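Chain S: place on chain P using the hints.
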Amino acid sequence: MRLVSSLAFLVAALATAAAAQPGDWSTVAMSAGAAVPFGAGFGDAWDAAPGPTLRVEAPAYGGHASAAVRAVWFEARDDVPDFRLVVPTVGWGPAIERGPVRFGASADVGIAWFSFDDREALGLESEIEVVTGLRGGTAVRLGRGVEAWAEVGASRVALFDPTTLWTASGGLALRLGAPDWLQGVLR
Amino acid sequence: MIALVLATLLALAPPDSTEAPCPGGKVVTQSDLEAAGVIHLHDVLRLTDVLDAVSVDGFDAAPFGAVGLPQPVRVLLDGAPVAQGAGPESIGLEALPVAVGEVHRVVVCPGPGVAAGAFGGPWLDVQTARPARRAYGAFGVGNESGDPGPLRYLEPIQNVDRWGPDVEAGAAVGPLYGLYRHRDFMPTDAAIADRTFGASVPERYPKRIGWVAAAVAEGARLRARAAARHMSDLPFVPEAAREVPMVHTAGQATVTGDRAWGGVRLGGHGHAARLRLDRADWSALPLDPDWTETRLDAGLVAEAGRISGGLRAEHVAAAGPGLADGTVTLGRAWAQVSGSRVGATLAASGAGSGVGGGGAVAAEWRPAPRFALVLTASAQRALPEEDRDLGFWGGRGYAGLGAIDGGADALDVARLRLDATAHLGAVRLRASAEGHGARGDVFLGLPDAPGARTGAEGTAAAGRAEAAWARRGLSLRASVRAQGSLSGDDGYRAAWRRLPRLGAVAEATARPDDRLALWARLEARGSTRWDGFPEADLPAVLLLDLGLSKRAWGDRLRASLGGRNVLGATERTHPLGAALAPRLLVRVEARL
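First to last, the protein sequences are chains P and S. For the first sequence, position 11 (counting from the first letter as 1) is numbered 20 according to our numbering, and the numbering increases by one without interruption. For the second sequence, position 130 (counting from the first letter as 1) is numbered 647 according to our numbering, and the numbering increases by one without interruption.
Keep in mind the hints are simulated off the structure, nothing from the lab. These figures come from a predicted structure and were not determined experimentally. Even glycine gets a Cβ: it sits at the ideal position worked out from N, Cα and C.
Which stretches of chain P does chain S cover? Using the computed rule of at least three CB atoms under 8 angstroms from a CB of chain S, they are: (1) 51-62; (2) 81-93; (3) 115-125; (4) 135-148; (5) 163-169; (6) 185-196.
Bound conformation, chain P alone:
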């Protein structure tokens, strides 16, 4: 929780840092990569395996708005079912740029969709739960709109026994100017 609190302070600090922001919805960054879970997760009954993560991000309202989805697979060690966890979120947060490097943070809210490999679940093969999270990371501009990015995030899943899922993610992003029609849709 201390690290989560620290991330919260980081978001607040970045929010006060003045930075030249492009116009709202003027650029779109499409990111793809891998999310590697670490930490206790849901305990010892499952091993968490990395999964894909996708995100779309655009400047908006003084920061960056994003929509993302990531997936993690949990393989059972004991006599319990495997399950998949898909987490779609929306978020917003500040970003500052220093040369080719961009530092950003975001607060996210979304749902955690559990899908269990359990044929006896009788209509409860899936569950959804509220998830809130914080993430922070950095991206380096490689040229021609391509960026390499890495971040760390903590997601709090509001289960009966609230659980924090930590992930380290990284990948590539393509940042382009948003065409007029897309800006019109997003506005």
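Leaving out everything else, chain S in the frame of chain P:
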């Protein structure tokens, strides 16, 4: 002009007005619903701190008005009656054949006044508008926190409630549009799980699932709505003190309109409905709600200058197990004179039980510019036929849910109310104080005597103050409320103790532009006591609700997130009901 009247003539009021057309009233607009992330009709009640709402399972809520005796509020649709609740059917706003996206504004009036041709106390009018030019679709889902997740395979943890996925769809052609709304809900809260699972056969997970559909035609100052509803339902029936499986279907048709000829304006409504309740084939209970009801209702309003008046006639034919007399014929008439500073209304009603009616006198005084006081005195005798609850039908022999100590007395209410309004620049101040006395009977729904009614007589008082400020994309509102009995017998006091004595709300809405809205609402709700119930005391709670909404593609796309009870208070409004944990509501709309 004194606004003593009326839902019948609300259609004549500026349709986009955010000012309530009645003293002490409240208007909730479509944009308010959007900013708050509302996905269900009954969530409107959360935004109107003028009313109280009780929900046992979180699927639906019934609005209660603290006037005379705390009693269900009259619910109208576009100023006309709507078939909602018949016999043993226990359902609130979710019965309305309306899509959330169709709601243009909701007007709540504490009364006294005439609404849909009937004089009386508080009412809630859902006013609708075509949601889109050609096509409309919406998807909503809500989830309560506290699910077991994968840990259910390690520990016995109960699943928690989920709302949806709920779907709305509509299409329009010329002056005609059609709508469909589907609801899906699993009542699994630990407080009610034993009852809900026990009411359903093992092969079926207890659910409340159903749809409403409507076709609406508009033109020439007329609106016609034909609607149908079907639900495989598991509502909490107070008279049975438990959830009762039932399948309820309803068909209804309503025509409203108004026309002007010279200096005379005529308006009115025609309404016909048929409602049917059956025992669900998946029910594990021996109870058979079996109910059939046909309603015919017509009202006419005429307004000429400062004089207005109206007539309304209702005929109901009902049938059910043990029901000796299922026929009710009720007639009402009213007349009103509205001056620039004084108004008066006189009303009369007649039915099999006798004659009722009432009247009100209101006087307005403006001691200073932008400052107004309205003093209203009223008295009314409401006949039992005007509020045909299950106790009323129990008195006529209905026994579908077991023995009900039926019969109902007329309700006599006298009210004295003072409303004050002041506009100080961007700040609007409102305050009201009211005293009322009532005599009638009340149904308390006690677990050991669920169908019993008891006499109730006493006096009560209520007060409310509100301050609102709005400027450039930011609006703030704060209100405080106090209500409670001053004197009375045991039944009267017990009924009043079920409503919070104190309440306060602080609300903020930020709109950086016309595409984004951020909303927050903090409510302090006082404790309540339900004598005769186990765990009779429901503690005071502090509730924080949040909302975020975004429009895109020129208003064609709308998405909203709503957080309810974000602080995680124990939100329970009925001692036998669920405790609703923090929940997230998600809604996506397309209007083409």
